[in-house]
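Engineer: The lines below spell out each chain.
Number of protein chains: 2
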Amino acid sequence: MAAAAETDKVTVALAQHLAGFRYEDLPAEVVSAARRGVLDWLGCALAGSRHSTLDILVSTMHELDTQSGFNLIGRNDQSGLLSAALINGQMGHVLDYDDTHMAGVVLHASSPVLAALLALAQMSGASGTDLIAAYVAGFEAGVRIGQASPGHHKGGWHLTGTLGTLAAGAACAKLLRLDPQQFVHALGIAGTQAAGMQQNRGTMSKSFHAGKAASNGILAAKLAQRNFDSSDEIIEGSRGFCRIYSETAVPQAVLDELGQRWEIVRNGHKPYACGVVLHPAIDALIGLRKQAGLDPAQVSEVELRVHPLVLSITGVVEPQTGLKSKFSIYHCAAVALRDGAAGVAQYTDQRARDPEIIALRQKVKVHADDTLDNDEAYARVVAGGREHTIHIDHAAGTVANPMSDDAIREKFMANAVPVVGADRAERICAWVAELEKQTDVRALMDLCA
Amino acid sequence: MAAAAETDKVTVALAQHLAGFRYEDLPAEVVSAARRGVLDWLGCALAGSRHSTLDILVSTMHELDTQSGFNLIGRNDQSGLLSAALINGQMGHVLDYDDTHMAGVVLHASSPVLAALLALAQMSGASGTDLIAAYVAGFEAGVRIGQASPGHHKGGWHLTGTLGTLAAGAACAKLLRLDPQQFVHALGIAGTQAAGMQQNRGTMSKSFHAGKAASNGILAAKLAQRNFDSSDEIIEGSRGFCRIYSETAVPQAVLDELGQRWEIVRNGHKPYACGVVLHPAIDALIGLRKQAGLDPAQVSEVELRVHPLVLSITGVVEPQTGLKSKFSIYHCAAVALRDGAAGVAQYTDQRARDPEIIALRQKVKVHADDTLDNDEAYARVVAGGREHTIHIDHAAGTVANPMSDDAIREKFMANAVPVVGADRAERICAWVAELEKQTDVRALMDLCA
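Chains as they are written, first to last, in our numbering: chain A, 1 to 449; chain B, 1 to 449.
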């Protein structure tokens with residue numbers, strides 16, 4: 001495993017490392033993170049499979065693609081390979097419930113990466129260890145290239161679309177066992193398709209980015225497999241990714257501690273079905289509600305002090321749809337107080353327009369405080385004339401306060417059981433629990449169909 | 001036809017205009033430009049259909065897409081709709097011989113737009129006037145959004161990928177007769193897929209951008225047709241196209257003289273099969289060679305004075321492949337002097353490595369001069385001890401010095417005859433000459449198959 005610390009050839013060095021490492025090189029905590037990631041993501045995709053956005057996407061793709069052979073998760077339906085990756089990727093992200101990497105990069109890596117790999121594995125075949133190695137490679141590429149492109153998110157890009165495409169391309173290249181030169185091209189072809197604007201937040205097009213990243217990643221790796229070429233410097237080149245998609249490119253950062261630090265270990269899992277920056281405030285209000293036995297009907301004032309990103313990303317005051325409500329700190333605060341929850345049921349179109357929730361939203365005041373970390377929040381609530389306060393240091397589901405394996409399993413069951421039933425959900429759990437011993441990933445896709 | 005001059009809602013106003021105009025609104029010069037554009041592009045695609053890059057793309061797509069029903073130009077082969085658009089789009093651009101819009105935006109609009117439209121027309125049906133209106137709409141969207149995003153190209157983007165996706169999305173939305181709200185969404189879904197880096201210049205991935213733009217544009221319009229949504233402000237939004245893809249966004253420029261100025265009229269057609277910035281220098285050397293009866297074997301010095309873009313885009317000194325030689329001013333100068341030509345035959349892998357051409361390339365000196373226009377060049381050649389000089393004011397094929405209809409027809413025949421034979425090529429010419437009277441575009445695609 002060559003770590004190639006000092007080189008200008010960043011793309012080549014990354015490709016050599018990713019093409020070269022073996023499953024056996026991965027520490028146990030990496031394998032554990034992969035297992036957690038697969039189970040959590042499958043639950044999100046199953047829950048997302050019933051969202052109305054998917055109905056439109058699936059019927060469009062059936063018109064454009066009459067093939068079958070590749071399972072659509074949770075839908076008892078099939079399509080061609082690229083369409084399956086697109087559809088499964090979108091369903092994984094549509095509820096904004098999928099995992100989030102937060103080490104300098106806000107990336108939902110699993111939707112593009114796993115949607116691509118699970119579709120491609122139905123064509124190429126893959127064992128559990130093949131899947132893990134490829135999944136890990138995707139995280140390495142996506143997160144590291146993001147770390148080398150500071151300001152990328154704030155600049156207006158939706159990282160799950162942009163970095164997600166590179167992540168999916170790298171993951172597929174690993175699954176296909178491309179040689180280092182082909183791997184370079186897979187990154188080059190993937191990178192040159194990287195897209196997705198935050199302007200589309202709160203619309204169907206946001207989760208579409210994850211699906212497109214998945215299908216574009218497969219296309220990149222399959223082309224590279226036949227020696228379709230690209231620049232050898234897509235990451236560091238003067239008109240390459242870091243310099244175009246960021247104002248302060250530091251391409252060398254891609255190679256920091258390569259082979260020693262595995263980014264999948266720093267992945268976060270969401271207890272709530274909305275933007276991750278909202279989680280500390282939700283933690284705070286659910287905590288206060290329980291702790292002080294608050295009666296939502298008695299609440300007269302709600303004041304939140306949060307990281308500035310909360311207002312810039314999720315400042316929607318009067319969301320009109322379920323998708324938009326996932327980007328409203330006001331809506332999140334209201335459902336947290338009203339329901340003591342922020343799951344799938346709290347972000348429907350109906351709840352976005354519920355008069356009781358609207359009334360509560362209007363009582364919420366939010367202050368940005370740049371001295372706070374992005375997993376931190378303060379809340380103050382006045383109810384029945386009494387004031388209550390709370391401070392959340394690290395939101396649940398972050399690296400500093402991770403969801404337990406049991407909590408991830410519970411979340412999976414809550415997501416999966418309504419779609420595939422308890423028995424099938426249990427079988428998926430059991431299958432993923434022994435991921436590294438599985439011989440054919442197709443069995444998992446059959447369980448999820 | 002609402003021109004909506006003063007509004008903040010740039011995307012909505014553009015969509016209303018594009019959804020609303022009728023074929024009958026188009027001046028005769030617009031229809032003529034469309035006819036010229038279709039014929040020239042088909043020739044480029046036919047010539048490109050035999051390029052080795054296409055063999056890789058086609059075999060990969062056949063593995064990923066087993067459908068048929070949509071013709072691949074020049075290949076006696078079919079695929080599914082999205083793959084056909086991808087493949088035909090790439091073949092249109094692979095030789096760098098396709099038309100170029102140069103009014104502030106260096107965009108090869110026809111490859112993404114026509115590849116998308118001609119594929120989609122095989123599904124939805126379209127008359128000649130439908131095709132013209134949709135083609136014109138694609139130019140309007142792509143070029144105008146580019147004009148509103150200054151510095152986009154120099155920033156490192158390949159406009160045929162980025163703006164090409166918006167152009168193809170708008171064109172398909174027009175062909176499908178989407179209503180104004182759906183048209184807004186088509187722009188939103190197309191824009192959020194916009195990608196392509198100049199880092200990939202000289203590789204197979206460059207023309208891939210044109211193909212991806214075509215297939216992404218179809219996908220955007222077909223999703224929008226089923227009310228898949230997006231932001232209503234993809235052009236002007238604070239995290240929208242102009243602001244992300246440019247450092248000096250002027251979204252309002254999209255609406256300048258809307259309905260009065262039609263951008264397709266300012267399209268340029270290439271006499272040479274290489275980057276358009278190279279054309280003034282090639283004109284100069286072919287002109288000198290003819291005028292002075294130069295013997296290439298006697299040439300001892302070649303000096304060029306050109307616009308600075310020539311060196312920054314096409315400064316490759318020792319190109320090793322045909323694709324890379326299209327971005328080498330040194331190679332272009334050498335073949336212009338040696339062959340008196342710069343057509344498809346001058347940019348093969350073999351010519352890139354030809355010792356005679358390499359020796360000539362090494363005699364070429366290039367000076368950037370920012371007082372020159374980008375369609376202007378000076379050349380000085382010493383041959384057999386005598387010095388010759390020439391000045392080109394406006395390169396052939398530009399708006400100020402356009403190719404004649406006859407020249408476009410000749411170029412088409414040179415491109416098409418080797419692929420489909422003289423008889424078929426004549427029939428395509430005759431069909432396109434009466435484009436506005438044709439009832440079904442499928443007939444054209446059958447002629448080109």
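Among the clues, some could well be false.
Covered, in the sense of this in silico footprint (three residues per stretch, anywhere, with C-beta under 8 Å from a C-beta of chain B), are these stretches of chain A [claimed, not checked]:
hint, segment
1, 197-210
2, 345-351
3, 369-375
For the chain B half of the interface with chain A, some residues (derived, Cβ under 8 Å), not all of them [what the hints assert, rightly or not]:
hint, residue
4, Val12
5, Val58
6, His62
7, Asp65
8, Pro150
9, Trp157
10, Met197
11, Ser231
12, Glu233
13, Thr348
14, Gln350
If you are wondering where the hints come from, they were derived from the structure by calculation, not from laboratory data.
For every residue, glycine included, the Cβ atom is placed at its ideal position computed from N, Cα and C.
Engineer: State for each hint whether it applies.
Structural biologist: Here's how the hints hold up against the structure:
1. With 10 residues carrying a beta carbon less than 8 Å from a beta carbon of chain B, the segment 197-210 of chain A meets the three-residue requirement, and the given coverage holds.
2. Interface restraint, the segment 345-351 of chain A with chain B: violated (0 residues with C-beta to C-beta distance below 8 Å; minimum three).
3. Restraint check on the segment 369-375 of chain A versus chain B: 0 residues with Cβ-Cβ distances below 8 Å, three needed, restraint violated.
4. With a cut of 8 Å, the hint placing B/Val12 at the interface with chain A is violated, because the nearest CB-to-CB distance is about 14 Å.
5. Look at B/Val58: its Cβ only gets to about 10 Å from chain A, farther than 8 Å, so that hint breaks.
6. Because the beta carbon of B/His62 sits about 11 Å from the nearest beta carbon in chain A, more than 8 Å, this interface hint is broken.
7. Restraint check, B/Asp65 versus chain A: the minimum CB separation of about 6 Å is within 8 Å; hint holds.
8. A cut of 8 Å between beta carbons decides the hint on B/Pro150: the least distance to chain A is about 16 Å, and the hint is violated.
9. For B/Trp157, the shortest C-beta to C-beta distance to chain A is roughly 7 Å, which falls under 8 Å, so the interface hint holds.
10. Interface hint status for B/Met197: upheld, as the beta-carbon distance to the closest one in chain A is roughly 5 Å, under 8 Å.
11. Checking B/Ser231 against chain A: minimum C-beta separation of about 5 Å stays under 8 Å; hint holds.
12. A distance limit of 8 Å between C-beta atoms decides the matter here; for B/Glu233 the minimum to chain A is near 7 Å, and the interface restraint holds.
13. Given the 8 Å rule on beta carbons, the hint for B/Thr348 is violated: about 16 Å separates it from the nearest Cβ of chain A.
14. Taken as an interface hint, B/Gln350 does not check out: its beta carbon lies about 18 Å from the nearest beta carbon of chain A, beyond 8 Å.
Against the hints set out earlier in the document, violations occur for numbers 2, 3, 4, 5, 6, 8, 13 and 14.
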